[in-house]
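> Sequential numbering of the sequence shown, starting at 1, is according to full-length UniProt numbering.
Think of the hints as simulated: they come from the structure by calculation, not from any bench. By construction, the Cβ of each residue, glycine as well, lies at the ideal position given by its N, Cα and C atoms. Hints may contain errors.
Derived pair list, reagent style DSS-like, types lysine-lysine, alpha-carbon separation capped at 25 Å [to be verified]: (1) Lys96 x Lys109; (2) Lys101 x Lys179; (3) Lys201 x Lys190; (4) Lys179 x Lys109; (5) Lys190 x Lys179; (6) Lys109 x Lys145; (7) Lys179 x Lys207; (8) Lys109 x Lys246; (9) Lys246 x Lys190; (10) Lys101 x Lys246; (11) Lys207 x Lys190; (12) Lys207 x Lys246; (13) Lys179 x Lys246; (14) Lys246 x Lys96.
Okay, the calculated beta carbon distance ranges per label pair [as the list claims (entries may be wrong)]: (15) Ser110 x Asp211: 27 to 37 Å; (16) Ser285 x His134: 28 to 38 Å; (17) Gly156 x Gln133: 15 to 25 Å; (18) Thr160 x Pro124: 16 to 26 Å; (19) Val289 x Pro187: 47 to 57 Å.
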Amino acid sequence: MDATVARFSIKATSLGPYRTSSHRNVAPGSSRVSHGRPCITSLPVQSESAPGSTAKETQISKRMSGVFFQPLAYPSRRISRSRNHRVMKACPRVNKQPFRKIPEGPTEKSFYTLLVDAIRPFAPGLEVVDTSQHPSGGIQYRGCKLRPDVALYSEGCGCTRITDFELMDLFLEVKSSDKFEAFEDPPQEKLSELSDDKREKILDEWKFEYDTVLGTRTRGQITAHALTQLGSQLCHFVLSVAIIGKNARLAVTEMFNYTEQPRLLADFFWRFSLSNPEHRGMDKSVTEVE
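Could you build the full structure based on these sequences and the hints that come with them?
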C-alpha cells in the first residue's frame, strides 16, 4: 500500500524521550523482541475512562498542536496506483445498508458492533475486534490503560479482545456524534474558484485542528494511540481511521460521508488487508542479532 494513502503527520521521532524496554538492543540490523516487536515500559497517555484522562488527552493534543496542518484529498486515484495493485483482487461489491445502519445505533456500543460487522467482509486475513471495553493489559501510564475503539490484527497472531498494541495493524477511533470532530477541512468548493496564489494563501493560514473541547480530546486520543503503536513496534508509519458520526477520515484525509460513499471506506480496508507488512508501515529491514 502506498504510504500516502492515509498519512498520519506524526513521525516515529515524535516519541522523543519515550523508549521501549528493548531499544538498548535494537539498532539497524538488530532484532525485535516479544512477538517480534518491542514492549513499551511507559507512555504519557491515558485511556478515555481513566481518572484524569480528559486533562491528559487535552495536554497531549496541545503538545502536538500544529502537527496536523492540512488534510490529504481522499486519494482514490493514488490508491489504484499502489505498487501491489497489479496482483490485488478487486474489492467486492459494497452494500450500502450495513454502513447506513451504523450511525442509527441507539448507543455508542451498538455503533461499534455495527461498524465491526460492516468492515469484516472487506478485511480478509484480518481480525476486526471491538476493543472499546478491553484496555491494554501491558501498556499503561500511572495505572491508566489504553483502548482504541476498534482494532485490526492479522489472523493467527494470537490476539484476544484485550487491546494489544504490539500486535495491532490498524486502529479506529469512533465517535457517535459529529460534535467530537477533531479537524475542520478547508472549503474546497470556494478554493476551487480562486487563483493558485490566493488558494495557497488560504491553505497556509487555515487552522485544520478544530480546537473545541471535545475536538481537542478526540485529537488527543488519536495521537496517544498512534504514538503508542509507533512505540510498540518497529515501523515507519502507522495508519488509522477516525469515524465521527456519519463521516470518516483516513488519518488524516479529508472527511467523507461513509453512509453515502461506503465504497471509499470498504476499498481502504480491502486494500490494506491485501497489502504486505512493508506497505502497512512495518520496518522489515530489522534482522535478528545472534
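> Hint says 28 to 38 Å; check whether the CB-CB distance for Ser285 and His134 agrees.
Since Ser285 and His134 have Cβ atoms about 33 Å apart, the given range 28 to 38 Å holds.
> Hey, Lys246 versus Lys190, does the alpha-carbon distance stay inside 25 Å?
With Cα atoms ~23 Å apart, Lys246 and Lys190 stay inside 25 Å; holds.
> Regarding the pair Lys179 and Lys246, is the alpha-carbon distance no greater than 25 Å?
12 Å, holds
> Hint says 16 to 26 Å; check whether the CB-CB distance for Thr160 and Pro124 agrees.
Holds, since Thr160 and Pro124 (Cβ atoms, about 21 Å apart) stay within the stated range.
> Do the beta carbons of Ser110 and Asp211 sit within 27 to 37 Å of each other?
30 Å, holds
> Decide if the proposed pair is consistent with the structure: Lys179 and Lys207, CA atoms, cutoff 25 Å inclusive.
Answer holds: Lys179 to Lys207 is near 17 Å, not above 25 Å.
> Does Lys190 sit within 25 Å of Lys207, going by the straight-line distance between their CA atoms?
Between Lys207 and Lys190 the Cα gap is close to 16 Å, so the pair holds against 25 Å.
> Can the restraint linking Lys207 and Lys246 be considered satisfied, given a maximum Cα separation of 25 Å?
Holds - the C-alpha atoms of Lys246 and Lys207 are around 23 Å apart, at most 25 Å.
> Between the alpha carbons of Lys246 and Lys96, is the straight-line distance 25 Å or under?
Between Lys246 and Lys96 the Cα gap is close to 13 Å, so the pair holds against 25 Å.
> Please work out if Lys201 and Lys190 have their alpha carbons no farther apart than 25 Å.
13 Å, holds
> Does Lys145 sit within 25 Å of Lys109, going by the straight-line distance between their CA atoms?
19 Å, holds
> Taking 47 to 57 Å as the stated bounds, is the beta-carbon spacing between Val289 and Pro187 within them?
53 Å, holds
Checked against the numbered hints given earlier, this structure breaks none of them.
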